[in-house]
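Participant: This is what each chain is made of:
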Amino acid sequence: MESKTPLLEIVNLHAGIEDNKILNGINIEIGPGEIHAIMGRNGSGKTTTANIIMGHPDFDIEEGKINLNGINLLELEPWERAKNGVFLSFQYPQAVPGLQVGNFLKKSVASIRGADAAKGVNFRGLLKDSMKELNMPSSFLSRYVNDGFSGGEKKRFEILQMMLLQPKLAILDETDSGLDIDGIKTVATGINSAIRGTDSGALIITHYSRILDHVKPDKIHVLIDGKIVATGDASLANDLEENGYDWLENKIKSEGEV
Amino acid sequence: MNTINKYIEVSELPHRADHLWRYTPWKKVHPTGKVKDVPKEVKGPKIRLLNLSGTESPPGIELIRGVGEDIRLPESDDVSTNFIKSISEDSKWILKTESKFNSNEPILIEIDAVDEINGIQLTLDIGDRCEFEIVTIIKGSTNWMGLLRTGRIGNGSNINDITVGLQERGTLLRVDAISLGRDAEFRTGTVSSGSERTKADLRYRMGEIGSNLRVIGSILSRDSMHLDHHIEIQHDAPQTFSRLSWNAACGGKSKTIGTGMLKVANGSKGADASQNFHNLLLSKDAEADGIPELEVLENEVVGCGHGIANGPIDENQLFYLHARGFSPMDAKSALIAAFLNSTLSKMGSMKVHDWLSKMLYSELKNMNAE
Ligand SMILES: Nc1ncnc2c1ncn2[C@@H]1O[C@H](COP(=O)(O)OP(=O)(O)O)[C@@H](O)[C@H]1O
Ligand SMILES: [Mg+2]
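Chains as they are written, first to last, in our numbering: chain A, 1 to 258; chain B, 1 to 370.
Calculated from the structure, these hints are not laboratory results. A portion of the hints provided could be inaccurate.
To be verified - Okay, derived cross-link-like pairs now, DSSO-like style, lysine-lysine, Cα gap no bigger than 30 Å in a straight line:
hint	chain 1	residue 1	chain 2	residue 2
1	A	Lys-219	A	Lys-168
2	A	Lys-128	B	Lys-358
3	B	Lys-365	B	Lys-139
4	B	Lys-332	A	Lys-106
5	B	Lys-96	B	Lys-6
6	B	Lys-284	A	Lys-107
7	A	Lys-154	B	Lys-358
8	B	Lys-346	A	Lys-128
9	A	Lys-106	B	Lys-351
10	A	Lys-128	B	Lys-6
11	B	Lys-332	A	Lys-119
12	A	Lys-168	B	Lys-332
13	B	Lys-46	A	Lys-106
14	A	Lys-107	B	Lys-358
15	A	Lys-128	B	Lys-332
16	B	Lys-358	A	Lys-119
17	A	Lys-132	B	Lys-351
18	A	Lys-106	B	Lys-365
19	B	Lys-332	A	Lys-83
20	A	Lys-227	A	Lys-83
21	A	Lys-154	B	Lys-351
22	A	Lys-4	A	Lys-168
23	B	Lys-346	B	Lys-263
24	B	Lys-43	B	Lys-6
25	A	Lys-107	B	Lys-332
26	B	Lys-34	B	Lys-139
27	B	Lys-351	B	Lys-284
28	A	Lys-83	B	Lys-27
29	B	Lys-332	B	Lys-96
30	A	Lys-83	A	Lys-106
31	B	Lys-46	B	Lys-139
32	A	Lys-154	B	Lys-346
33	B	Lys-332	A	Lys-154
34	A	Lys-107	B	Lys-96
35	B	Lys-358	A	Lys-83
36	A	Lys-119	B	Lys-351
37	A	Lys-219	A	Lys-185
38	B	Lys-346	A	Lys-119
39	B	Lys-346	A	Lys-106
40	B	Lys-365	A	Lys-119
Bear in mind the structure is a predicted one, so any value in this text is a computation, not a measurement.
When you get a sec, could you build the whole thing from the sequences and use the hints?
Facilitator: Structure below.
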C-alpha cells in the first residue's frame, strides 16, 4: 500500500563524534499528525539523535538519511532546518546573559515565521496568550535568556518558544523532567493541540511514562546503545516502567526480537 | 611654574616599567610622537549641557568656565595630566550642582571635537546628597582629543556617570581623577567603540568612610583599533566598597588592554573589592588582555577578589541561536551585543540603558557592514 510522504523519515542513521560511535542504525518514521516517543536509559543516544536532527555541528554522520517532508535535512544548516520547521526543546537550554527574552523571541519568530508574524497585535496576542497558558509573568520578557532560570522555568520557556514558532516537527528532549505534574499537563495539552489533526508531528524524548499518559503517543521507540531495539504502542511505556530496561533486553535476547 | 614647564619637566618620559605605560607607550599616545612637543594654540572642543532627551537641562546643574577650587585630587599620572592641562588653558570647565540636586531625566554633556588637536579639562563639583545620571559623549572628527576629568562626588550623593567614546578616528587620551565623599555612591561606566587609539587612565579614590564605587566597561574594538584602559581604585577609608567589571569584544586586528590596580590602604577595615575582566575574541587576529593587580595593605577586609576570562564566542550559545533560526551573522551580532549588554545594563537606569543599547546596536551594524 502506498502511503503519503512521511513527515519525518530517519533511515539507518549511524553517527558519532570523532572515533566514538554513538548511533548504530536508527529508523523512525513519523506521519503527519503523529506523536512518537523515544525512551531509553541515560547515555543511550537520545539527545544525540535530537541534536543530529537539529544539525549540531559536533557530530559526524557516517550513514543514513533524515528527511522532513521529503527534504534532505542533512544538507541543511541548523538555521535552515529551523526555518523549515524543525524545533528542538533542549534538554539543557543554553543561558545567554545579556540577551533579553523579549528581543530574542521577536527575532526568532521573525527569522522562522517571517517579519509580519513578529510584529504588532499578531505577535503580542499570541505571546500574551501563550505566556498566560504557561503561567509565566510578563516580567519574564525582560530577563536574560535562560540566565538564572530554575529548571522548571527553562522548560516552560522552551515550550513558549514552541508555541510561538509553530514548528512542523517538535522534538522535546526531556522537557517533562523539570516540571511538576501541572506543568506536565500544560505541556501535554500544548503538544496535543499543536499536533493532533494537523500536518505537524512531535518526537518526545523521555525517561518517564508520566507525560505519555497525557499525550498518548502513536508509537514508542526504545533506544539501547544507539539502536532502536523495540517499537510498540503506548502500552510499551507502562511495561517498561514496571519491568525496567533489563526486562526488555532479556526479552530481546531470548526471543530474538520483540 | 606654568603647566607647560611642569609637563616638560616630568616628560623625561614615563618608564616602560611604569605599568601605566607598559602596553601603550606615551610616545604612541602623544599627538606628534615627539614627546617634548607641546602643541600651541589648541582650541577647546565644543561642549554643551542638555537632557539626554534633547531638552534643556534643569536648574540646579550648570556648566561654567573655570577650575573648581578646594577640590582635593587623588594622585594621578603626571605626564598625561600635565600634558592635557598644558594644551587646554582656554578650555577649562566645571560641572557644578547644588546640594540635593535631583533629576529623573538623565543629563547629557556633549563634547564635539572637530579641530586637529583638542584638549579639555572638566571638574566635577557635585554637591552633597545629589541624585542624577550623566552621560558624556565624546564625538567628532578630531585627530587627537585629551579629556581630563577631576573632582569630587559629594557626601551621600548617588551618581551614575557614563562616558561614551564615539570619536570618528584619531587618538583619545582620557584621565579621570575623582574622589568620593562619605557614603557616596558612584557608578562610572565607559562605553567605547570609537577612536583608533585610546589611552585611558581612570583613577578613583575612596578616602571617606562608606563610599561605594562601581567601574564598568563595555568596549568594542574593531579594524586595527588599539584601546588601552587602566583603572585604579584606591580604598583609603573603612567600609568602602568597589566593583570593577570590564567587558571587551575584540574584532579585526584590534587590540584591547584592560589593567586594573586595586589598592587597599592600611586602615581600610571592612573594605570589599573585586575586579573582573572578560574579553570576547571575535577574530583570530584580535588580541585582548585583562590584567588585574592587587596591593592590599589591610588585613581586615571583607574580600579582594579578581577574575579574568578570555575566549571566543561560545559554541553552545551559537547553536542555541541557530536552532532558533538566527543566521550566522545575526547570531554573532546578537551574542556580541549580549556580551556588551551584560555590563552596559549595569551602568544606569532603564532610560539610560535603552539609549545606550540603541547606540551600541548601530555601532554593531557598522561592524557587520565591513
Ligand atoms: N559532544 C559529545 N562528545 C563526546 N561524547 C558525547 C557527546 N555527546 C554525547 N556523547 C556520548 O554519546 C553517548 C550518548 O549520549 P546522549 O545522546 O547524551 O545520551 P542520552 O540523551 O540518551 O542520555 C554518551 O556515551 C555520551 O557520552
Ligand atoms: Mg539526554
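Participant: Hint by hint, note whether the structure agrees.
Facilitator: Going through the hints against the structure:
1. Lys-219/A <-> Lys-168/A: Holds - the C-alpha atoms of Lys-168/A and Lys-219/A are around 18 Å apart, at most 30 Å.
2. Lys-128/A <-> Lys-358/B: The hint holds at about 25 Å.
3. Lys-365/B <-> Lys-139/B: 18 Å, holds
4. Lys-332/B <-> Lys-106/A: The hint holds at about 17 Å.
5. Lys-96/B <-> Lys-6/B: 27 Å, holds
6. Lys-284/B <-> Lys-107/A: Holds: Lys-284/B and Lys-107/A sit about 28 Å apart, inside 30 Å.
7. Lys-154/A <-> Lys-358/B: 28 Å, holds
8. Lys-346/B <-> Lys-128/A: Given that 30 Å is the threshold and the Cα spacing comes to 28 Å, the pair holds.
9. Lys-106/A <-> Lys-351/B: Holds - the C-alpha atoms of Lys-351/B and Lys-106/A are around 21 Å apart, at most 30 Å.
10. Lys-128/A <-> Lys-6/B: Judged against 30 Å, a Cα distance of about 66 Å means the pair is violated.
11. Lys-332/B <-> Lys-119/A: Roughly 23 Å separates the two Cα atoms, so the pair holds.
12. Lys-168/A <-> Lys-332/B: 26 Å, holds
13. Lys-46/B <-> Lys-106/A: Violated - the C-alpha atoms of Lys-106/A and Lys-46/B are around 40 Å apart, more than 30 Å.
14. Lys-107/A <-> Lys-358/B: 16 Å, holds
15. Lys-128/A <-> Lys-332/B: 28 Å, holds
16. Lys-358/B <-> Lys-119/A: With a Cα-Cα distance of about 19 Å, the restraint between Lys-358/B and Lys-119/A holds, given a limit of 30 Å.
17. Lys-132/A <-> Lys-351/B: 28 Å, holds
18. Lys-106/A <-> Lys-365/B: Holds, because 18 Å separates the two Cα atoms, which is no more than 30 Å.
19. Lys-332/B <-> Lys-83/A: With a Cα-Cα distance of about 18 Å, the restraint between Lys-332/B and Lys-83/A holds, given a limit of 30 Å.
20. Lys-227/A <-> Lys-83/A: 29 Å, holds
21. Lys-154/A <-> Lys-351/B: Distance of about 29 Å is within 30 Å: holds.
22. Lys-4/A <-> Lys-168/A: 16 Å, holds
23. Lys-346/B <-> Lys-263/B: 23 Å, holds
24. Lys-43/B <-> Lys-6/B: OK: Lys-43/B and Lys-6/B at ~20 Å, within 30 Å.
25. Lys-107/A <-> Lys-332/B: Holds: Lys-107/A and Lys-332/B sit about 13 Å apart, inside 30 Å.
26. Lys-34/B <-> Lys-139/B: Roughly 25 Å between the alpha carbons, so the hint for Lys-34/B and Lys-139/B holds.
27. Lys-351/B <-> Lys-284/B: 36 Å, violated
28. Lys-83/A <-> Lys-27/B: 54 Å, violated
29. Lys-332/B <-> Lys-96/B: 42 Å, violated
30. Lys-83/A <-> Lys-106/A: Answer holds: Lys-83/A to Lys-106/A is near 15 Å, not above 30 Å.
31. Lys-46/B <-> Lys-139/B: It holds: about 10 Å lies between the C-alpha atoms, which stays within 30 Å.
32. Lys-154/A <-> Lys-346/B: 24 Å, holds
33. Lys-332/B <-> Lys-154/A: OK: Lys-332/B and Lys-154/A at ~23 Å, within 30 Å.
34. Lys-107/A <-> Lys-96/B: 44 Å, violated
35. Lys-358/B <-> Lys-83/A: 28 Å, holds
36. Lys-119/A <-> Lys-351/B: Given pair Lys-119/A, Lys-351/B holds - Cα atoms ~23 Å apart, limit 30 Å.
37. Lys-219/A <-> Lys-185/A: At roughly 20 Å apart (the allowed maximum being 30 Å), Lys-185/A and Lys-219/A satisfy the hint.
38. Lys-346/B <-> Lys-119/A: Answer holds: Lys-346/B to Lys-119/A is near 29 Å, not above 30 Å.
39. Lys-346/B <-> Lys-106/A: 23 Å, holds
40. Lys-365/B <-> Lys-119/A: This hinted pair holds, its Cα atoms lying about 21 Å apart.
Hint compliance for this structure: hints 10, 13, 27, 28, 29, 34 are broken, all remaining hints hold.
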